[in-house]
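> Chain by chain, the residues run as shown.
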Amino acid sequence: MRYFPHTEEDIRRMLEEIGVDSIDALFSGVPPDCRRSGAMHLPEALCEWELDRKMEEMAGQNAAAPSLTLLVGAGRYHHHIPAVVPALAGRSEFLTAYTPYQPEISQGTLQAIYEYQTLAARLMGMDVVTASHYDGATALAESLLMAIRKTGRSSVVVSRTIHPHVRQVIQTYLKPTGYNLVEAGFTREGTTDVTGIDWSNAAALAVQSPNFFGCVEPLSRYADAAHGAGALLVASFTEALSLGVLKTPGSQGADIVAGEGQSFGLPMGFGGPGLGMLGARQELVRTLPGRLIGKTRDRNGKPGFVLTLATREQHIRREKATSNICSNNGHCALTAAVYLATLGAEGLARTARINHNKAAYLAQRLQEIGMPLVFSAPFFNEFVVQAPPGFEAVRQALMQKGILAGLPIQTHYPELDTPYLFCATETVTREAIDRFLAEVKP
Amino acid sequence: MSIQTAASGLSMNEPLLWERGRSGRCGVDFPKDDVPDCPLPQDVTASTAPDIPHLSELDVVRHYTRLSTWNFGVDTGMYPLGSCTMKYNPKTNERQAGLGGFANLHPLVPEAWCQGALRLMVELEEDLCEITGMDAASLQPAAGAHGELAGMLILHAWLSHKGETRHKIIIPDTAHGTNPASAALCGFRPVAVISGPKGILQAETVRSVMDEDTAGIMITNPNTLGLFEAELPEICRIVHEKGGLVYADGANMNALMGIVGMGCIGVDVMHLNLHKTFSTPHGGGGPGAGPVLVKRFLEPFLPLPRVIRREDGAFGLSEDFPLSIGRMVGFYGHFLVWVRAYSYIRSLGADGLRQASRLAVLNANYIRARLRDVYHLPYETPCLHECVFSDRHLLPYKVSTLDVAKRLMDYGFHPPTIYFPLVVHGSLMIEPTETEGKEELDRFVEALRTIAEEAKGNPDMVHEAPCKTRVTRLDEVEAARRPCLAG
Amino acid sequence: MKDIAELRFPENLRYAPDHEWARREAEEAVIGISDYAQDQLGDVVYVELPKVGARFEKGEVFGTVESVKAVSELIAPLSGEVIAVNATLENTPDLVNSDPYGEGWMIRIRCAQPAQYDELMASDAYVAMLKG
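Protein chains in written order, with my numbering: chain V, 1 to 442; chain U, 1 to 487; chain P, 1 to 132.
Among the hints, erroneous ones may be present.
Said to hold, decoys possible - Just some of the chain U residues that point at chain V, by a computed CB distance under 10 Å:
(1) Gly73
(2) Gln96
(3) Gly101
(4) Leu232
(5) His275
(6) Ala350
(7) Glu464
Said to hold, decoys possible - No farther apart than 20 Å at their CA atoms in a straight line, the calculated lysine to aspartate or glutamate pairs in the EDC-like style are these:
(8) V:Lys302 x U:Glu94
(9) V:Lys54 x U:Glu94
(10) U:Lys32 x V:Glu431
(11) P:Lys2 x U:Glu94
(12) P:Lys69 x P:Asp39
(13) V:Lys401 x U:Glu111
Honestly, the hints are just simulated from the structure, not real lab data. Just so you know, even glycine gets a beta-carbon here, dropped at the ideal spot from N, CA and C.
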């Protein structure tokens with residue numbers, strides 16, 4: 001097998017050096033009652049040509065962009081990824097390196113992730129950002145645990161306008177802790193309803209902006225409400241590209257920001273891996289979970305970077321750590337940094353603007369054919385429309401034509417009438433939108 | 001034999017990203033607008049452009065290319081980090097993960113449109129169960145520690161379902177820090193147990209602490225000393241007798257494929273690290289994946305959604321598992337990492353995986369044999385896929401394990417894991433993996449032997465190391481005292 | 001790390017087995033960690049101290065002191081209420097290393113049970129324990 005360099009001669013000489021007859025003898029410490037009774041039953045090994053063929057066939061059984069007209073977001077977004085991004089991020093010195101525990105030979109990763117931390121902090125309006133969390137959902141769940149630790153309170157208020165999957169993850173994390181989850185509803189405008197929230201013992205209010213409906217939430221108002229009650233405001237997002245045009249969550253009073261960075265140069269990948277972007281105000285830095293990279297100097301005064309504040313982490317604090325996280329999504333953070341570097345300030349702002357323009361156009365045209373917006377709050381690149389009864393049959397028919405027309409969200413929000421969540425990114429042409437509409441209402 | 005693997009060469013300096021670039025530069029071009037401009041309301045939009053640099057495409061390329069040359073990856077040289085299994089990351093796996101049908105697949109497409117992806121998930125779950133001797137799996141956890149959390153949540157849920165509350169969990173002193181941290185996230189209090197004189201856990205020790213308030217035990221097998229926990233079957237019996245469960249940290253599975261089935265020796269729930277045993281790249285910190293595997297009786301508690309086979313034979317995703325611990329990530333998990341692991345398993349087959357474990361164990365024992373006269377071996381017990389030395393022979397010369405690790409870089413090797421496990425003083429944990437050939441192992445051994453000589457005759461050389469790298473030892477104290485975490 | 005002979009243990013202070021020192025001033029006491037403790041810890045990077053008003057029993061954890069790679073708990077040598085905390089340690093934790101008995105002081109308490117002071121070790125007893 002091409003990954004194993006050992007020749008028969010090598011093995012013979014190595015066994016001689018060790019002083020045993022066979023490799024089997026090296027397993028003498030494994031008692032008989034621990035051994036497998038038979039060989040593993042796995043498919044026959046494939047050589048590279050055979051593997052290529054098999055995987056292409058398997059990949060071919062999936063309907064992926066760009067052959068589809070994808071008018072769905074809901075937590076994963078199809079964006080153009082410039083060729084330089086995979087070309088640079090995929091360099092094997094970045095890809096096959098380990099966590100930079102030995103900084104002298106890891107300055108590439110360390111500087112690149114320090115730069116990511118900086119760019120992310122600026123975009124989110126936070127003082128410090130970690131070197132990545134698994135995804136937006138787990139980052140948000142852990143933010144709430146942070147808020148609980150910081151305030152000493154035992155309940156968190158979670159807006160229903162947060163992505164349903166993300167709310168499920170929060171529940172999973174909170175279940176064994178005994179902490180309480182209180183839900184906040186939403187207004188007719190499509191944003192979180194902070195009136196009537198029971199703030200007693202609330203450590204934090206968690207909201208998402210743009211929210212699951214695509215609506216931009218008025219974070220400053222929530223910051224006032226939360227801070228007035230002695231709670232923290234935790235802001236999240238599923239569409240990172242919105243940071244290219246919207247006010248930063250930090251500038252609106254968020255104490256912690258936990259969002260999904262997949263839109264920054266990561267492929268949709270059937271939902272993973274993503275990028276947990278997690279940032280906080282300075283005073284919360286020691287409760288942050290995950291790795292942090294700091295700037296320092298070497299013995300000759302040369303600037304360099306190291307992992308720092310490691311005493312928060314599991315390998316030192318063990319059961320008292322801020323989290324159990326060890327491996328993170330570092331390479332995804334690197335990829336995001338390359339993407340942001342490539343787009344730059346102008347490219348990011350312009351791409352964000354184009355996203356909104358496409359979505360606004362789609363929303364306008366849908367309105368014209370009798371599918372009006374359900375909510376009046378401003379949206380970024382996603383929005384909810386009320387479809388006529390029977391739209392589902394139309395939608396199924398459209399699937400046969402390679403168009404995924406929105407996502408039905410009634411099961412998550414039964415109080416709404418035939419709601420469909422639509423998305424249009426910069427990858428959707430006007431022509432595709434017009435063609436879709438012609439199919440719906442010829 | 002030359003040991004000069006590392007040499008000096010032209011290395012390019014490179015400023016921070018925002019020190020490069022110039023206002024007006026941009027690394028992307030745009031088409032003409034095909035839809036009308038529709039500005040967002042002023043009260044939600046930022047008043048200035050995002051505060052990130054302006055770079056041309058070549059600026060970006062030069063920046064990251066240069067940064068990459070400052071790194072050391074598995075592709076550069078041997079990376080013998082104990083318990084990390086830094087084996088070769090096959091390039092064909094990258095090709096497969098890059099196929100459009102995988103990479104550009106939205107997770108919410110209808111089931112009929114992702115049968116290939118769902119099939120891959122089902123087959124990978126089945127493969128991993130076969131390899132470990134377990135009955136059911138979820139690929140969802142995003143990393144090993146996340147898999148441990150899944151395991152602890154399953155344990156907690158299983159107890160709850162039986163109407164029981166237990167507060168403690170047994171964790172050996174050799175355990176990775178993620179073990180007690182994961183247990184604590186579920187409200188369990190770790191009870192530490194000391195390993196015996198042979199470096200492995202003794203059944204009697206477990207018997208003395210196991211009671212009806214203990215949810216179970218978290219073990220690693222082979223343990224972090226690289227030793228097989230030979231008393232594990234008895235330990236499992238003791239724990240089960242008192243109504244507890246056995247969790248196995250499968251980080252060291254690279255020693256056991258095709259040889260030991262964890263499920264067969266009494267383990268109830270375990271995780272695997274795809275970025276260790278199954279060759280997916282570490283990427284400078286992640287992403288990996290930490291699938292959780294269980295015995296049949298725990299299957300109802302696995303995270304959701306789960307991949308299922310419908311009546312018509314098609315694959316689907318279902319949340320219809322009322323006892324599930326719930327969702328652990330936003331969607332299904334690190335799919336593109338699974339593609340790589342799947343490709344690896346298909347490329348090796350049962351014989352290949354078994355051979356990988358056998359050669360991994362051969363390599364570690366070879367290093368152990370060739371260094372034991374120079375570095376102190378704390379345990380006579382033969383090792384499996386990794387070996388651990390202590391700093392006992394270095395101490396008289398006032399040379400530390402850290403010094404040795406730093407000096408190894410000057411010889412062109414990534415250092416082994418140091419100061420872990422905590423039970424060995426100044427531990428040096430070496431895991432070569434099966435993808436290193438004899439010549440490389442010999443060069444590594446020679447380098448370590450030379451450093452041992454330097455420690456005796458020229459300790460300053462070792463104290464000052466590394467000297468060939470771009471930067472010398474960095475001031476971690478200042479970085480912690482006055483952290484500068486953003487520029 | 002230094003030899004015990006190279007370290008200082010002022011005679012006007014009392015010492016606890018966990019290496020904290022106390023200096024009694026009427027009904028109050030100032031508390032810190034000994035020269036031996038700071039030498040063992042290495043460079044101190046962070047000290048986590050309680051808030052003014054917090055109360056501790058003798059033997060309880062009142063804070064932590066961190067080096068780059070380790071965290072140690074601070075154990076109260078006396079019971080009392082915290083009436084002052086050394087805020088300069090926030091930005092200059094190095095003071096614990098350079099001046100453990102002076103500028104590196106950690107908390108000042110009002111003693112709940114002043115008699116506990118006499119239960120602590122005198123300088124020579126502490127040194128004997130370290131050599132022990």
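> Can you list which hints this structure breaks, lowest number first?
8, 11
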